[in-house]
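Residue numbers (full-length UniProt numbering), protein chains in the order written: chain A, 1 to 346; chain B, 1 to 184.
To be clear, the hints were calculated from the coordinates, so they are not data collected in a lab.
Treat each hint with caution, since some may be false.
If we take Cβ atoms under 7 Å as the criterion, some of the chain A residues that face chain B in the derived model are [what the hints assert, rightly or not]:
#, residue
1, F113
2, R277
3, V341
4, S343
In silico lysine-lysine, DSSO-like type, Cα no more than 30 Å apart, as pairs [to be verified]:
#, chain 1, residue 1, chain 2, residue 2
5, A, K249, B, K53
6, A, K42, A, K69
7, B, K53, B, K34
8, A, K69, A, K24
9, A, K249, B, K103
10, B, K34, A, K309
11, B, K71, B, K103
12, B, K15, A, K45
13, A, K249, A, K309
14, A, K71, A, K86
15, A, K216, A, K303
16, B, K103, A, K105
17, B, K34, A, K303
18, A, K34, A, K24
19, B, K15, A, K105
20, A, K188, A, K249
21, A, K86, A, K102
22, A, K188, B, K71
23, A, K105, A, K76
24, A, K71, A, K34
25, A, K86, A, K136
26, B, K71, A, K249
27, A, K102, B, K15
28, A, K304, B, K34
29, B, K71, B, K15
30, A, K216, A, K304
31, A, K102, A, K76
32, A, K102, B, K53
Here a beta-carbon is modelled for each residue, glycine too, at the ideal position from N, C-alpha and C.
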Amino acid sequence: MAESEVVIVGETWETTENSLYEEKKGAVVDKIQKREEELAEKREKRRLEKEKTSAEDETSDFFATTFRKEKSAIEKLLDESDSTPKDGLSDHFDVITAAMQKLQKFVTDSTSFLPSYDVRQAQDTIGNLQAALTEKREQLIPKKKFAFKKKKEGVKEPKKKATKVATEVKPGVQVASVVQIECGFADKDSQTLTLQPREIENQDVSLARLTNCTVKLYGSAGTVHISNVTGCRIFTGPVSRSIFVDDCKDTVLVIACQQLRVHHTLDTSFYLHVTSRGIIEDSTRLLFAPYNWAYPDMGEHYKKAGLDKDRNTWDDIDDFNWLASDAHSPNWAVMNEEDRVSSWEP
Amino acid sequence: MGLLTILKKMKQKEKEVRLLMLGLDNAGKTTILKKFNGEDINTISPTLGFNIKTLEHRGFKLNVWDVGGQKSLRSYWRNYYESTDGLIWVVDSADKRRLDDCKKEMQALLLEERLAGATLLVFANKQDLPGALPAQQIREVLELDNITTHHWLIQGCSAVTGENLLQGMDWIIDDISSRIFTMD
Chain A
1 MAESEVVIVG ETWETTENSL YEEKKGAVVD KIQKREEELA EKREKRRLEK
51 EKTSAEDETS DFFATTFRKE KSAIEKLLDE SDSTPKDGLS DHFDVITAAM
101 QKLQKFVTDS TSFLPSYDVR QAQDTIGNLQ AALTEKREQL IPKKKFAFKK
151 KKEGVKEPKK KATKVATEVK PGVQVASVVQ IECGFADKDS QTLTLQPREI
201 ENQDVSLARL TNCTVKLYGS AGTVHISNVT GCRIFTGPVS RSIFVDDCKD
251 TVLVIACQQL RVHHTLDTSF YLHVTSRGII EDSTRLLFAP YNWAYPDMGE
301 HYKKAGLDKD RNTWDDIDDF NWLASDAHSP NWAVMNEEDR VSSWEP
Chain B
1 MGLLTILKKM KQKEKEVRLL MLGLDNAGKT TILKKFNGED INTISPTLGF
51 NIKTLEHRGF KLNVWDVGGQ KSLRSYWRNY YESTDGLIWV VDSADKRRLD
101 DCKKEMQALL LEERLAGATL LVFANKQDLP GALPAQQIRE VLELDNITTH
151 HWLIQGCSAV TGENLLQGMD WIIDDISSRI FTMD
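All chains should be built: construct the whole structure from the sequences, respecting the hints.
Encoded structure:
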């Protein structure tokens, strides 16, 4: 190889026959040789890589063969359990379980290169084997009194965890009793309803099915749910989280909160303090003005609720039924200043 | 096999997990996401559309999709199902009035073919509220025990205090990784 290079180089430097020529020639030869070595190294590297990627344990064939082998081994073990002596049964089943776990791990390890059909097939097979094992076990070893009932085949570690959570907690309550209202008012007509700070602090307050009522919530509630309300006036102090309004008509809401969500509401005015963007959905003819209720201790309640008094985005409302950004939603408007009520307390 | 091997190697190396977070509006999805990521939760507005966050946790790259839960957005949920590894269903444990709605929406999701392989984590959120139902009752109301098609866990939590968020996330990551990544 060096010979041919000498010739090529020799042509280039033909006329110079001094030491400089020799020196340069040597350098070039060195360079070429080095390059040649690099290339060979690269080739070798590529070859090794290729060998690695086509490693036979990552082919479907290898998977299928191994899987089948393991499967028949487990089936054989299962068949043997009938003839296993009683005192050796539990050990025998442990061996089968271990084999199944090994198989499961093998499948898990292989999922990334197997077609999903194969994975599902393999999982089904394991599921069937597990079912067979459970059946055999139940048949041959009488159930212990405190045994957990297996609900589903193919239950894995995480599921067990879920079951554990369940056993810690006492039996539950029916949904019907769950829906009762703990704090707030329901089904009232033409009344003035008031709650004091200690009654609502951090509570989830519910106002449902009210007609022509005036409601005053002094203090900082955790959340307030207002639903099925007609012709009412509702005042709240600073609510630390969300106020949820659903199905209201001809109502005036003077409310302060961190989040406001309004659904199915018509012809309603909001005097609002909200520290994030409020939203409306399936609602129309809503008017918005800044919050202007006041009572002694309100400053303290603001602190308790963690609401920033200086941050109020009452006129920045998102309408989920109006996603055009270049035009204002027809469903809500800022209330004209001359129409706003300036003072609420008599 | 060459391409598959490369894909496998890439996924292994990055350990990327896609989580889809859904639930009724006001459940606290965005708050969970922001709290988990250590962000301020006081200025969160109801989600108009969706948030995507990529988080690094325990060497995993989590792509979390938090999609708004308002009624008018729910029909768009389906656009996010594809290649979801884990589904996080967030429940407002204090909102007893809408638990039925919550159940219906969740059960509909579980029938979705594109979510068939996904692990389900139910966050019974807002446990810090005095009126909140414990996780066990949420579990009964949502009839979680009847679920046989997904690996699931219910975890009581509070996005505001951060309580139990990590436990839930760790569980879903463990469950997903035992399915898709080669165990080291």
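Hints violated by the structure (listed by number, smallest first): 3, 4, 5, 6, 8, 16, 24, 29, 32
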